[in-house]
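Q: Sequence:
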Amino acid sequence: MKILNIISQYPGKTGSGTYLRALMDEANKSGYKQGLIGAIQPELSYTNTSVDYIDMVEFNTPELPFPIIGMSDKMPYESSVFSIISDAHLKMWERVFKSKLEKALKEFQPNIILCHHLWLATAIVCEQKMDTKVYVVCHGTDIRQFKKMHFFRKRLIESFKNLDGVFALTEEQSLDIIDLYKIDKEKVHTVGSGYNERFFYPPKNKKRSKEIKLVYAGKLSYAKGLIPLIEVYIKLLEEYNLELTIVGSGFGEEKDEIIALGENIGVNFTGAVPQKILGNIFRESDIFILPSYYEGLSLVTLEALASGLLCVVTDVGGIKGFLEKKISESGLIQFVPLPEMKNVDEPMDRYYNFFIYNLEKLIKKQINTYNKGYNTYAHLNEDIVKLSWENIFKKIEAQF
Numbered sequence: 000m001k002i003l004n005i006i007s008q009y010p011g012k013t014g015s016g017t018y019l020r021a022l023m024d025e026a027n028k029s030g031y032k033q034g035l036i037g038a039i040q041p042e043l044s045y046t047n048t049s050v051d052y053i054d055m056v057e058f059n060t061p062e063l064p065f066p067i068i069g070m071s072d073k074m075p076y077e078s079s080v081f082s083i084i085s086d087a088h089l090k091m092w093e094r095v096f097k098s099k100l101e102k103a104l105k106e107f108q109p110n111i112i113l114c115h116h117l118w119l120a121t122a123i124v125c126e127q128k129m130d131t132k133v134y135v136v137c138h139g140t141d142i143r144q145f146k147k148m149h150f151f152r153k154r155l156i157e158s159f160k161n162l163d164g165v166f167a168l169t170e171e172q173s174l175d176i177i178d179l180y181k182i183d184k185e186k187v188h189t190v191g192s193g194y195n196e197r198f199f200y201p202p203k204n205k206k207r208s209k210e211i212k213l214v215y216a217g218k219l220s221y222a223k224g225l226i227p228l229i230e231v232y233i234k235l236l237e238e239y240n241l242e243l244t245i246v247g248s249g250f251g252e253e254k255d256e257i258i259a260l261g262e263n264i265g266v267n268f269t270g271a272v273p274q275k276i277l278g279n280i281f282r283e284s285d286i287f288i289l290p291s292y293y294e295g296l297s298l299v300t301l302e303a304l305a306s307g308l309l310c311v312v313t314d315v316g317g318i319k320g321f322l323e324k325k326i327s328e329s330g331l332i333q334f335v336p337l338p339e340m341k342n343v344d345e346p347m348d349r350y351y352n353f354f355i356y357n358l359e360k361l362i363k364k365q366i367n368t369y370n371k372g373y374n375t376y377a378h379l380n381e382d383i384v385k386l387s388w389e390n391i392f393k394k395i396e397a398q399f
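Going letter by letter, the sequence shown gives residues 0 to 399 in numbering that gives the first Met the number 0.
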């Protein structure tokens, strides 16, 4: 059995890239042959031993003289923005992507195509006349683009009638997919998200340091709530002995401002790191914080939970509903209410201070939990292990 995996952006450095890589690894363990169509540009490289066939759409080249078109408006590498890209560039990309797809269908001859994002690349796949079954994983950024950009909607809705199945991360997302894309509810399956047990697990004997170690992992962008996190951190330093590490990469002015603000108060910036290193950083930390204004279903939150960290995250993306109540109500994770928003990833000015207040309050709550002797929530390990990639892939495979 052959699976052709398709993602229109770089197959790494983001949540959807991590998700794709994890599913490919699990499919490889189960004996599937793997194909991949992704995107790349000169400063990026990609290797994957799970792949039998690979063909990348190459950006910033004479054929496509512009950066990768990202599903988010801010990517952790140089990127083009869907909402402002020119028609000429979009047509150039579509022509090249379609040629890669046709070549893969002829040479790799997949039994199943598994796309990532309910967006244009998946629409192009669905428009091909073929017998191959087509499935897609929704990551949330596609829904955000659908809500922001009306001019692709008709094409997407029409094309997606040909899908054999859609995999959603949460029940909330499933309802959005059915409503927005007009996809039959029988085709939509909630499978959740997972983490890699090899890299993310609690420390056996955790030593306490003088400082309480806070950690964030993700893109360096305003939409991830890093400016309020730094503001709150400045306040907390007046009361507690803390250390903040920010893991991840970004691009452009937003990244530069975040780093400048953080370095001025001693924040540690690691840049992007492999998952193995991230697991090590988590096990050496005490409290994970993700104050993001928008998420699909946060993979990194699951990774932090699996590493035994206390967590403070914004109540977005259906993460609370996805986690079993035994976990979500355990005290291991605290949920910051989302402020009223101007758009899907920008808060209204008059609610900003309220968001800061709640973020500070819940971080303090977890600091107090830590100071009372918290080590790791070992009694929840069995419940967290259920969220492994092996179990997520089994849910997807059941629909093939």
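These aren't lab readings, by the way, just hints derived from the structure by calculation.
Being a predicted model, the structure only gives us computed values, none of them experimental.
In this text, a Cβ means the ideal position worked out from N, Cα and C, and glycines have one as well.
It cannot be assumed that every hint is accurate.
[Said to hold, decoys possible] Restraint ranges, calculated between C-beta atoms of paired labels, are given here:
id	residue 1	residue 2	range
1	E93	G330	45 to 51 Å
2	I276	Y350	32 to 38 Å
3	I156	E328	35 to 41 Å
4	F268	I156	40 to 46 Å
5	F334	E237	24 to 30 Å
6	I233	I276	48 to 54 Å
7	Y351	T48	43 to 49 Å
8	K209	E389	37 to 43 Å
Q: Look at each hint and say if it fits the structure.
A: Taking the hints in turn, this is what the structure says about them:
1. Distance hint check: the CB atoms of E93 and G330 are about 49 Å apart, consistent with the given range 45 to 51 Å.
2. The hinted window of 32 to 38 Å between I276 and Y350 holds, with their beta carbons roughly 36 Å apart.
3. With their beta carbons about 38 Å apart, I156 and E328 fall inside the hinted range of 35 to 41 Å.
4. For the hinted restraint 40 to 46 Å between F268 and I156, the CB-CB distance of approximately 42 Å keeps it satisfied.
5. At about 25 Å, the beta-carbon gap between F334 and E237 stays in the expected band of 24 to 30 Å.
6. In this structure the hint that I233 and I276 lie 48 to 54 Å apart at CB is violated, the actual value being about 27 Å.
7. Checked against the hint of 43 to 49 Å, the pair Y351 and T48 passes, with Cβ atoms roughly 46 Å apart.
8. Under the hint 37 to 43 Å, the C-beta atoms of K209 and E389, about 39 Å apart, fit the expected range.
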